[in-house]
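*Asks:* The listed protein sequences correspond, in order, to chains A, B, C and D. 45 is the number that the numbering used here gives to position 45 of the first sequence; each next residue is one higher, with no gaps. 126 is the number that the numbering used here gives to position 126 of the second sequence; each next residue is one higher, with no gaps. 149 is the number that the numbering used here gives to position 149 of the third sequence; each next residue is one higher, with no gaps. 36 is the number that the numbering used here gives to position 36 of the fourth sequence; each next residue is one higher, with no gaps.
These are calculated hints, taken from the structure and not from any lab test.
In silico negatives: residues of chain B with every beta carbon more than 12 angstroms from chain D: (1) Y404; (2) F469; (3) Y473; (4) F544; (5) V601.
To give a feel for the contact side, a few chain B residues facing chain D, derived at Cβ under 8 angstroms: (6) K618; (7) G623; (8) H626; (9) F630; (10) V637.
Computed from a predicted model, the values in this text were never measured in an experiment. Every residue gets a Cβ at the ideal spot worked out from N, C-alpha and C, and that includes glycine.
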Amino acid sequence: MNESTFSQLLFYVLAASSIFSALSATFMKDFFKCALSFILLLLSVAGLFLQMNMPFLAALQVLVYAGGITVLILFGIMMIYQMGAENSERLRSTEMIVAAGVSIFSLGFVFIKIFSSAYPNLQINSVGFLSSPKILGESLLNQFLLSFDILSVLLLAVLIATSALVRKGVK
Amino acid sequence: MIELSTLLNLAWLVPGLPFLAFIINFFFFRKSAWITSRLATLFMAGSALISWKIFYTVWTHPKDFLVTAQNWQDYSSYFEWLPLDPSYQSAIQKGFSINIGVFLDPLSVMMLAMVASIATLIHIYSIGYMHGDPGKARFFLYLSLFTFSMLGMVSSNNFMQMFIFWELVGLCSYLLIGFYINKKSAGDAAKKAFIVTRFADFGFMVGLVLLAWVAHDFNFFTLSTRVDELSGIVKVGLFTFPFLPMFSLMIFMGAMGKSGQFPFHIWLPDAMEGPTPVSALIHAATMVTAGVFMLARCFPLFHSGNEMEIIAYIGGFTALFAATIAIVQFDVKKILAYSTLSQLGYMVMGMGIEGAIVAGNPATGVFHLFTHAFFKALLFLGAGSLIHAAHTNDIRQMGNMGKYAKITSITFLIGTLALCGFPPFAGFYSKDAIIHAAHVNGFHGLYILGTITAFLTSFYMARCLIYVFCGEYRGEGTPHESSFTMTFPLVVLAICSIFVGWVQQDFTIFLSGGQMTMEPLGMSAYITSIVIVILGFGSAYAIFHKKVISPEAISKAFVFPHFVLEKKYFMDEIWDYCIRNILLVVSWICATFDKKIVDGVLVDGWDYLTHASARVLKQTQTGVLHTYIFVGLTSTVIFICTLFIN
Amino acid sequence: MGPLSLIVLVPVIAAIFVICTPKENKFAIRAISTGASFVTVVLSFLLLIKFQKGGGLQFVEQFTWVKELGIEYYLAMDGMGAVLCVLNAVILFCGVLSSYGIEDRAKEYFALLLILAGGVFGVFLSYDLFMFFLFYEIAVLPMYLLIGVWGTGQKEYAAMKLTLMLLFGSALILVALLAIYWSFFNTTGELSFNLVTMMDAMKIYPNLFQEDVMIFGYKINFQILMYPAIFMGFGVLSGLFPFHTWSPDGHASAPTAVSMLHAGVLMKLGAFGIIRVGLALLPDGAQYWALTFALLTLINIVYGALAAMSQTDLKYIVAYSSVSHMGIVNLGICAMTVESIQGSVLQMISHGMMTGLFFGLIGIIYGRLHTRDITKMGGIVKRMPFATVAFTFAGFASLGLPGLSGFAAEVMVFMGTVQAKLPAFQWIAVVACVSVVFTAIYILRGVQKIFYGPFEIEKNKYFATLTDANTTEKTAMSILMAFILLIGVYPAYTVRFIYDGLLPVFRNLGL
Amino acid sequence: MITLTHYLVLGAILICIGYLGMMVRKSAIGMLISLEIIFNGINLTAVAFNRFLHPDGVIGQIMVIFIITVAAAETAIALAIMINLFKKFKTIDVDEVNLMKW
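Using the sequences provided together with the hints, build the complete structure.
*Replies:* Structure (structure tokens):
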């Protein structure tokens, strides 16, 4: 089993796990199970990033996304649960059918487009591609400096807003 | 012979003096009745004197006053009132405009003299008649305004000036009829008079407007030279018609309004609401003859055959029609009003007959106008002093007035005889001239019509005499003879009514500027008219005095004709029905259409539209987060798919 | 600062002074505004006398305002301008005199009234299209506040409707003016709003304003496209048939002086605009559209008179009568002959005076009887003799009695319409004459119902304390009556001014 | 061999699942999580395009970095709002919260 079949196999495993975890995250009634399957999804996507040898992104994904955001969500769930909300919900059945119909319909379109697109069998040429934090850092600070700064302002604003929102005494 | 320029300057004074009186009275003496009446009468007398002087000079030199299309300029002095189109050039005139001024020609000079003199007499009469009336100052104000506009109309040399003063005369008749302001019937009668004449003036105005389009000129004399050019075919919208005949009928429509011909006569009997001097001046002598004057003035224009016959027949029919109604009237002024209508019918018939034949001479109709003014004014003033004496209009309450009002009765008798055409008196010469002309020129229908009307005239006047002078006085209180200022005009007018008829021959020579003469009336005319008058008086005497067949029996025998005559052939009701049901309904439709459709739909419609669309769009804001997300995401998904369709 | 900008700015400066005076000092407010309007009357008379007929544009004031766009402050007086300025000054003076009764917020009322009058002066005198439109808006906009605040009855609705419809009209006008501006630039390559240069250029460049415009694939001549925009845009203000409905409501709920100024002068702005811009610059468009608009104005005349017949509210009768009279003005413009255009300008002046008098009197009657419903009036001739005389005088002037100004104008318009070269105009003139009869009917019915007949005290509770007009109102009304009489008795004097003012328009129309 | 289409297919599926989740979930948290799934699908596609079409460029990766930070900010705010929501309405069910109805 040479090196390429291994990477193919790895891709399929990761793809299957991410689809499975995404489905369970959406259709689980219990929030905790849903949050946990979401973490699994994040990790499998990080794996895919690694497979495309983008280590910085995978790290970012794992650290910020899986570690930060989902922890925040879990914290939120527990706090709501603490304050008395029940931790499960019933799904909307009628919208399920409609949404399923629309998504399958649109998936069909997208797939037709993808499979008939101009470059079907572009291979993953691993040689010569490197994406290191140094390259990303440089481009962040010269080419995309403006959006970088706007982002920082955005985060500051979110900081203030969240603290203002959850301040004690807000009726 | 005074040359023309001084005559023209004098002519300016004739209408000028009453106007001056009006201005002075209006601005300075409106408060005091005494000064206004004396001043107005003084100025009126002055203007009458001047008009007699001009009349005398023209009467004595008819040859020099033959006005034709070439020399009308030096017989008139005028100023440009309204320059319509200065850039218009044509063969005979530079610049198309409306001129107002004074004009001397036998017809207008005769009318000036007649109007001025009768107006003076009536001014004197009304000093006495209006004694003690609070609005006396206002009355004399209107009288001088009326005489100014009447004299202005009479001395006009073009259609527009005539139309201008025509309307002013209509205004003065509105003001004078509605003189008793708090009497509702007076106000309605004034309104009715003005609106009915306004309907007729619509025809006049349309005629003038089309004349402006076809001929670009209003002067009578320059138009009379272009008769053949004007009788060409003209296309207005969908109708094509020869211009001149249609034009003369339209102009005659205006005349029908003012001179009370058949459909437009309903306002004249109601105009008796005004004080009696007004009825005497306006609705007997002067204004109502305006239509006949207009026919005479543009006689050369109308000289083209069949439409004059139509006019003649309308005149004849009105004469008979009015005479029949007069038989059943009990108000003395109403009887005289209907008799005026029938005499006007005579004059129009006279003009129509003369117009129809080739060598027509307008003098017959105009002479009747001349004489009629005198004896009809006399009759009205006499009636006025009778009313003044008996304090009622109704002849059934009067009786044996001869004993109380001596002079009034005698003058009233003279007037009646003149009206019925008893030979020596004025009426005979003029009225029978018309009947004779009808007989000579082959209008046998009109001839018979004329004789019947003559008989009816003498019948109803005799009936009025019997009611007023025979039997015992039926009213309350004792009537008294009127004061000198009222009886003096009666006497003067009585004298005129006797002698004015004898000048028939010279009148025709004077009027036609020495061209035409009217052959004198033969013995047959004398006999027929005497027979008719005697028949009329005899039958009236038999029925009303001796009661051989009492009037009640007759009315019982002919119930329906009596009822129809009583109701004046329902003409008032027809007019009222037309106005009320057709015009007011149409105007109601227009008003509601405007309010509901044009305003409602076009303007408020937009307002409704915005409200309705807002109400619909409001539904989309359900407030539920899910619907927003659902719509948002689904539409993005579908939108992305549409991108991939190509 | 020549006389023309003086006559335009005196009311505006007076308005500023009025605003600065303290609210309680009613006397000062009235004194300033009466003084200012008197100054404009004197000024307009002086200009009228000094105006030499045949001398083209006089008292010209021309300063470039925005060089790049070619906008100039260009005031000039021609024959029409001279006479219409006198009309505006007189109506303003009488309006100010008859609005002494305004108590609440008199300051703003008089200020707005003066600004409005200043705008109207500007319109009559400006020869630069941009300035023309600027003053046109200044004249139209204060109406909303004047009716909305000081009006009676459903004043908000009426003010809103009036302003919205007028603004719809001025939107159309703006489109047309800019189109003219642009097409002038296209042909001559020079950016200018100046009316005189445009009219002269029409002689030099034969195809000025003639090029074809592509609209949805159709090729339409510029003039044929733009003339309806101008005619309907200005027509909204001058009471053209489908857009006239603001006039009855607007006048019914406007205070006296406002409806005097509005019906008296502002409605003339519309017709004046059509002559100054429409006929002068787009003659072929006018020729093409003449018949269709003539039919509209014919409906205006007959329909307005008929509608006035069955109104019970006094102001509605007068409002519909001004719709009908403005129809005569518009008909005169559509007929495009020498008499008819002169007649329509004369009708503007005479109708301005008449409606001013009418609304002034209605103000007096309404001030005392507090009702405008004619069924509740009757027989008030004994208590109010002056009002009766004046109302009958105005009535007879409006039904076209000779000797008063209505007749001369109507005769000129009808005779002009009859001579129009287009086929159906004779028929239109004949039908328009019917309005003479209908006007007589509704005027006399109105006069009869209101003034004559028996005087019953119990019919209206204000009858007991009924008094006649006071001296200021009497002077205002008698000034208007004097003018109607002056123009009516000898119209040649006024018509010569108008003829001189219209010469360039006749030259463009090829008359 | 793993080609671009594989990643694109996977990314599309993830986005669809996320969309499905948004439609189906009644609670705010559920929605939040499905929203995050959509973000992951987008990240994957972005990276795939960068990796296969423009190997020398970094635009895809920069986009992923930005998306992640924005997702973080957005989740923080969403949770803060959710907590306030819960304090006021005693429920996090989205349908009960309909005060904004016209």
